[in-house]
Amino acid sequence: MGFVIAILVMSAGALVLGAALGYGAVRFRVDGDPLSEKINAVLPQTQCGQCGFPGCKPYAEAIARGEAEINLCPPGGDDGARKLADLLGREYKPLSGGAATVKPRMVAIIREDTCIGCTLCIQACPVDAIVGAAKQMHTVVRDLCTGCELCVKPCPVECIDMAPIPETLATWKWEYPVIPIAPVPAPVAPPGVANAGDSGRKAA
Amino acid sequence: MPQVSFKFHGGLKLPAHKDISSGASIRPVLVTAGQRLVIPLSQSAGAPARAIVAAGDHVRKGQKIGAADGRISAAVHASTSGRVLAVEERRMPHPSGLSGLAVEIEADGEDLWIDHAPVDYRGLSLEDACLALQEAGVVGMGGAVFPSHAKVPQRHAVTTLIVNGAECEPYITCDDRLMRERAGEIVAGVRILRDLLKAETVLIGIEDNKPEAIAAMRVAVAETGEGEIACRVVSVPALYPAGSMKQLIRVLTGHEIPVGKLPTELGVQCFNVATAYSVARVFLRGEPVVRRIVTLTGGVAMPGNWEVPIGMPVDQLLALAQPVDALSGVVMGGPMMGFEVPALDVPVVKASNCLIARVPGTFPERMPEMPCIRCGACARACPQDLQPFELYWWSRARQFERAERYRIASCIECGCCAYVCPAHIPLVQYFRFAKGEIRTRDQERKMAETARERFEFKQFREMREKAEKAERLARAAAAQAQKAAVADVSGGAPENEADTRKAVIAAALERARKQARNAGSRQE
Chain A
0 MGFVIAILVM
10 SAGALVLGAA
20 LGYGAVRFRV
30 DGDPLSEKIN
40 AVLPQTQCGQ
50 CGFPGCKPYA
60 EAIARGEAEI
70 NLCPPGGDDG
80 ARKLADLLGR
90 EYKPLSGGAA
100 TVKPRMVAII
110 REDTCIGCTL
120 CIQACPVDAI
130 VGAAKQMHTV
140 VRDLCTGCEL
150 CVKPCPVECI
160 DMAPIPETLA
170 TWKWEYPVIP
180 IAPVPAPVAP
190 PGVANAGDSG
200 RKAA
Chain B
0 MPQVSFKFHG
10 GLKLPAHKDI
20 SSGASIRPVL
30 VTAGQRLVIP
40 LSQSAGAPAR
50 AIVAAGDHVR
60 KGQKIGAADG
70 RISAAVHAST
80 SGRVLAVEER
90 RMPHPSGLSG
100 LAVEIEADGE
110 DLWIDHAPVD
120 YRGLSLEDAC
130 LALQEAGVVG
140 MGGAVFPSHA
150 KVPQRHAVTT
160 LIVNGAECEP
170 YITCDDRLMR
180 ERAGEIVAGV
190 RILRDLLKAE
200 TVLIGIEDNK
210 PEAIAAMRVA
220 VAETGEGEIA
230 CRVVSVPALY
240 PAGSMKQLIR
250 VLTGHEIPVG
260 KLPTELGVQC
270 FNVATAYSVA
280 RVFLRGEPVV
290 RRIVTLTGGV
300 AMPGNWEVPI
310 GMPVDQLLAL
320 AQPVDALSGV
330 VMGGPMMGFE
340 VPALDVPVVK
350 ASNCLIARVP
360 GTFPERMPEM
370 PCIRCGACAR
380 ACPQDLQPFE
390 LYWWSRARQF
400 ERAERYRIAS
410 CIECGCCAYV
420 CPAHIPLVQY
430 FRFAKGEIRT
440 RDQERKMAET
450 ARERFEFKQF
460 REMREKAEKA
470 ERLARAAAAQ
480 AQKAAVADVS
490 GGAPENEADT
500 RKAVIAAALE
510 RARKQARNAG
520 SRQE
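Residue numbers (numbering that gives the first Met the number 0), protein chains in the order written: chain A, 0 to 203; chain B, 0 to 523.
If a hint is listed, it holds; no wrong ones were tucked in.
Using 35 Å as the maximum straight-line C-alpha spacing, the simulated DSBU-like pairs for lysine-lysine come out as follows:
1. B:445 / A:102
2. A:172 / A:37
3. B:63 / A:172
4. B:434 / A:37
5. A:82 / A:102
What the hints contain is simulated information worked out from the structure, not anything from laboratory work.
Take the sequences, apply the hints, and build the full model.
Below you can see the structure in the form of structure tokens.
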């Protein structure tokens, strides 16, 4: 008889816990993939596709699934790769092959007298930062441009240039303090004393 | 004699060097014909003004040449009469030495004012009074140049108006001389500010190393009737940085402004004495801000204070005080928080309170930086109760999140920590670097967020457009089919184009076969 009670107690416990777990799974369900969102937050959102994925989010999802390396994002730079390595507990890798050159952030500029109004760049812009209409001149909304360069290739008249963002009073910042290294003048040797080796060392 | 009973943490007793320039009364600077003034359009802590004049225009003194752009922005005026030579990029009085948009005016030497008249602020609504301040280009003259009109209307009731006459940095005496000589107008400005803010009490804080200024201000307050305006001139102990807003509020009221809060949330608002003076000029004379008092000191033969038209180049101004030959540089602002001007042709702006002509020996030489020994001297000196040695580690290691956790944003860059550091570490430079990086990082984060939203919206839009197009095509196909069905019933015509073409081909084939048959029968 004792073992029947034991079985009943255990099955009752299993039922209660099972119900609690089932309820919890529904009640506290996490929508979307929290890891890919975290990765996406680290990525620079230039949407340039240099990683081989159509935008930052697809790349983030690929990383989350473990299908992509973390060193494919040149706009994120070395810093970005390090942050991803930190976040994912993976080994840091320097930026891969062709993506090794990290360029400063640029902005696209349309030479407006050359533009023929073909709208190809408007379609290419991943963040809708180009305004214009068919057979009308187009222009780039500077503040929204991410510098992804996706508009440069489609342009049939090559009127889009990538320009570096100039430093202004509003964007200027103090540099890392460095100690200026200045050559120490060699002490004047008193006449008759040969200490050229000593002074040479100091000058170096 | 009202004395204060509150103290702030840390602070320094610094050698004042104020008697170099405080002896002589304020001298006017005359603009001669042909002299060129460069008036920057960005002279407030907010957005730069928009130029409303062009090269060739003739302007008069006090004429608006730059219109305020947005709420946190102030107008800019011509500080003498003459011809506008150019509106273009010029080197700014800024540590970077970068350029900003400026209006260059060639003076005609007549110094003719525009028509101006006093305005009775009591007849104006609060909005109109603030607009008048913005249009007159009134900004904080203590050096922060925050537009004053934006400090007046508040969501929180202001009970205490604090007027800052502490002037705690060594060498600077412009506020001191202003209080000694023009106390009446300062008090008039204080009254206007008090009326606009509807403050109950006014506390004018002046460091006790300026007894003449304290006496002059007391007389001026007594003349206006102290009973009528609850206004007290308070002598505060001379301890750097007592002239910093938060420290002065602490000393005068005992309130400590919490991180991320504004003084107005505690019912306190603070203005500099020179700002109050500008406010008085705006309403009592109708004059916008076109001049300021500048201390010329250091390696000059005639140190003192000059009333300088805004936009006067530093070298021309310094020539009035006869600098010694061997100048090794010019510092704008005080020795603690000022900066070396990048070139001597930069103009004097509303923020320029002092020019120190530097000769070898003016300031102690910079000693080589040595490792931090964690002695804690910096933390004892910090008036903001921070731990500069921690901020230093994290700034140096570029671990900005950690630096933020130690409240680097609260640092006022007063330089007390670097002054006392026995290892001669340029602490403030590290903090400025870290703050700049943090600001850039935050901006980039914001931009990335916008880019992400726009990218996702574009994808959503493309999906929607594709779906809409498919629907449209389906609808068009259905309509075509219906039309064809109707046509079929009525005339029995071929169902569609393909059928027509098939019929044509069949007919052609039939013809060809017939011809072939005919030809065959002829041969036979």
